[in-house]
Amino acid sequence: IQLTQSPSLLSASVGDRVTLSCKGSQNINNYLAWYQQKLGEAPKLLIYNTNSLQTGIPSRFSGSGSGTDYTLTISSLQPEDVATYFCYQYNNGLTFGSGTKLEIK
Amino acid sequence: EVQLQQSGAELVKPGASVKLSCKTSGYTFSNYYMSWLKQMPGQNIEWIGNIYGGNGGTGYNQKFKGKATLTVDKSSSTAYMDLSSLTSEDSAVYFCARNEWGYWYFDFWGPGTMVTVSS
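Protein sequence lines, in the order shown, are assigned to chains W and D.
Start counting the first sequence at 1; every next residue gets the next number (our numbering).
Start counting the second sequence at 106; every next residue gets the next number (our numbering).
Check each hint, because a few of them may be wrong.
What the hints assert, rightly or not - Derived pair list, reagent style DSS-like, types lysine-lysine, alpha-carbon separation capped at 30 Å:
1) K44(W) to K124(D)
2) K128(D) to K170(D)
3) K179(D) to K44(W)
4) K124(D) to K179(D)
5) K23(W) to K38(W)
6) K124(D) to K172(D)
7) K23(W) to K44(W)
8) K172(D) to K128(D)
9) K118(D) to K170(D)
10) K38(W) to K168(D)
11) K44(W) to K128(D)
12) K168(D) to K23(W)
13) K38(W) to K105(W)
14) K168(D) to K124(D)
15) K105(W) to K44(W)
16) K118(D) to K172(D)
17) K44(W) to K168(D)
18) K38(W) to K172(D)
19) K118(D) to K128(D)
20) K179(D) to K128(D)
21) K168(D) to K118(D)
22) K105(W) to K23(W)
23) K44(W) to K170(D)
24) K38(W) to K124(D)
25) K101(W) to K38(W)
26) K128(D) to K168(D)
27) K172(D) to K44(W)
28) K124(D) to K170(D)
29) K170(D) to K23(W)
30) K101(W) to K168(D)
31) K101(W) to K44(W)
32) K38(W) to K128(D)
Since the hints were derived computationally from the structure, they do not count as laboratory data.
Bear in mind that the values here come from a model prediction, so they are computed numbers and not experimental data.
Next comes chain D alone, as it looks inside the complex (with noise of 0.2 Å):
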């Protein structure tokens, strides 16, 4: 059965940095995109970026990039995302979702990850 597994709910103050995880398991990791998605009440989900299980390579929507930093840990079949410089706007959930290689549709979603920012 494929599980994704993320962190639990993080509270943090502006200006500090966060870093999510997402441990997977039931499906071989390195055959796979993980995608970082993130959904703000009343707001369409957007995607953040992906990486490929197998090398680390990443991709990122432009909106993000230096916001989000991907990385992954094939021995334990995790992937996670490193949020910097975090302000109001990065209050949101963060999911992860798997795409297979080729097929940019999501399957399979963790939970999310609920992000709050405040002094």
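Next up, chain W with everything else stripped away, as it sits in the complex (with noise of 0.2 Å):
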């Protein structure tokens, strides 16, 4: 399965409401995780099987989606946001998405 993430990059100003895509080639069937990873450092996990949270992560973080059609949405942009953010199909093979890079404006 294929992920394409849009956009590549992304602006926006502390307290937006940010919403990120990924779209698989196939039925993900909601087993779809998103990860942050900031310059340098390892990727963290801060959603797993489409909406759930995990643990330690603000809850200005969300998820949604099925079928083929996922979205990470940032509630209020937070200057510690500053990251890319990949999208991970684990429903047929392993696969990440290309990322997105969320920079603030």
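Hints in hand, dock the two standalone chains.
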């Protein structure tokens, strides 16, 4: 399964509601996770199984979707959210998307 | 506290091999899989393969069969990855990351080891 993330670059203001998209080439059956990777660091698990928030992750992060289309939403963007966000599917093989780089405007 | 501690950066010559390590603490090693993943600049993260801490059973991405060999030392709760016949295409950051049996997302990652293949 190929994953296409959009946009590849997103610039938003502090406090904005931000939505990142991930589209699969086939049905993912909700076996989708989101990772946050800050520069020079390892990826951090934010969301698994489409909408389950990993322990310790702020509640401003949420996930949704079904079938081939999935979304990560940050309800109120904070300066520390600057990072690249990857979606990852584990329904059929194990594949990552190419990432969305999130910047502060 | 779960910790995955990876070995330091490597500079290796083409054709050589390298062995990376991932020493774990803070959880029961034998109850989890350890995966290894490759990240090259501008490329998607790739799953290389995994190994079960309990019995050393392995699974590999077909692309990396023959390139990577995964092993564990249960006595020290450490996972290893051997990379052989290195080329410039193997220059990357390699992460270890754990997943629980039956769950295929990775909840804790090591900080990564940068491997540079250059003469």
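Given the proposed pairing of K168(D) with K124(D), does the C-alpha separation stay at or below 30 Å? Given that 30 Å is the threshold and the Cα spacing comes to 19 Å, the pair holds.
Does K124(D) pair with K170(D) here, judged by a C-alpha cut-off of 30 Å? holds (16 Å)
30 Å Cα cutoff - pair K172(D), K44(W): holds (27 Å)
Holds or violated: K179(D) with K44(W), Cα cutoff 30 Å? holds (25 Å)
Taking 30 Å as the top limit, are the C-alpha atoms of K101(W) and K44(W) close enough? holds (15 Å)
Pair hint K101(W) and K38(W), alpha-carbon separation not exceeding 30 Å: Distance ~10 Å between K101(W) and K38(W) Cα, so the pair holds.
Going straight from one Cα to the other, do K101(W) and K168(D) come out at no more than 30 Å? holds (27 Å)
Restraint check for K128(D) with K170(D), where alpha carbons must lie at most 30 Å apart: holds (23 Å)
Given the hint that K105(W) pairs with K23(W), does the C-alpha gap stay at or below 30 Å? Measuring from Cα to Cα gives roughly 25 Å; hence the hint holds.
Assess, step by step, whether the Cα of K168(D) is no farther than 30 Å from the Cα of K118(D), and give holds or violated. holds (22 Å)
Quick one, are K38(W) and K128(D) close enough, alpha carbons at most 30 Å? holds (23 Å)
Does K23(W) lie within 30 Å of K170(D) when you go C-alpha to C-alpha? At roughly 28 Å apart (the allowed maximum being 30 Å), K23(W) and K170(D) satisfy the hint.
In the structure shown, no violation is registered for any of the earlier numbered hints.
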